[in-house]
Amino acid sequence: MTSNIEENPVSAMLKNMSTQDFRNLGLEHVAYIRPIEQEGESKSYALCTADGRQLSIMNSFEEAVLVSLSNKLEPVTVH
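In our numbering, the protein residues as written are 1 to 79.
Honestly, I wouldn't trust all of these hints.
If you anchor each label on the Cβ, the simulated ranges turn out as follows [said to hold, decoys possible]:
hint, residue 1, residue 2, range
1, L14, G52, 19 to 29 Å
2, K43, K15, 39 to 49 Å
3, N71, P35, 16 to 26 Å
4, E39, N8, 47 to 57 Å
SDA-like, lysine to any residue: derived pairs with alpha carbons at most 20 Å apart [stated by the list, open to error]:
hint, residue 1, residue 2
5, K72, E62
6, K72, F61
7, K43, Q54
8, K72, A50
9, K43, N59
10, K72, L25
11, K72, I57
12, K72, V30
13, K43, F61
14, K43, L55
15, K43, V78
16, K43, V65
17, K72, A46
18, K72, L27
Don't read these hints as lab results, they were simulated from the structure. As the structure is a computational prediction, the values presented were derived from the model and not from experiment. Think of the CB as a built atom: it goes at the ideal place given N, C-alpha and C, for glycine as much as any other residue.
Can you make the complete structure from the sequences, with help from the hints?
What follows is the structure, given as structure tokens:
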């Protein structure tokens, strides 16, 4: 059994995507949540767009998840 990846339309599309195309995937649908340390305060969480722009700072991870979901954004964490 021989498979030819070139025949798969998804593989062909992915092969032709630029670096910028990959960066833009999910740009309008994903919110990244990352822990941040603010001087003199307890741990907070930054809610950021897929391209890294900070949208807001939340006091808890749960709050960041709820805010992202309420804005129809898929929350993901940054490690």
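Evaluated hints:
1. L14 - G52: 19 to 29 Å: 23 Å, holds
2. K43 - K15: 39 to 49 Å: 42 Å, holds
3. N71 - P35: 16 to 26 Å: 20 Å, holds
4. E39 - N8: 47 to 57 Å: 51 Å, holds
5. K72 - E62: 15 Å, holds
6. K72 - F61: 17 Å, holds
7. K43 - Q54: Status holds; Cα separation ~16 Å.
8. K72 - A50: With Cα atoms ~14 Å apart, K72 and A50 stay inside 20 Å; holds.
9. K43 - N59: 7 Å, holds
10. K72 - L25: The hint holds at about 16 Å.
11. K72 - I57: 18 Å, holds
12. K72 - V30: 9 Å, holds
13. K43 - F61: The given pair, whose Cα atoms are some 10 Å apart, holds under the 20 Å limit.
14. K43 - L55: 17 Å, holds
15. K43 - V78: 15 Å, holds
16. K43 - V65: 15 Å, holds
17. K72 - A46: 17 Å, holds
18. K72 - L27: Cα-Cα ~12 Å, so holds.
Checked against the numbered hints listed earlier, the structure breaks none of them; every hint is satisfied.
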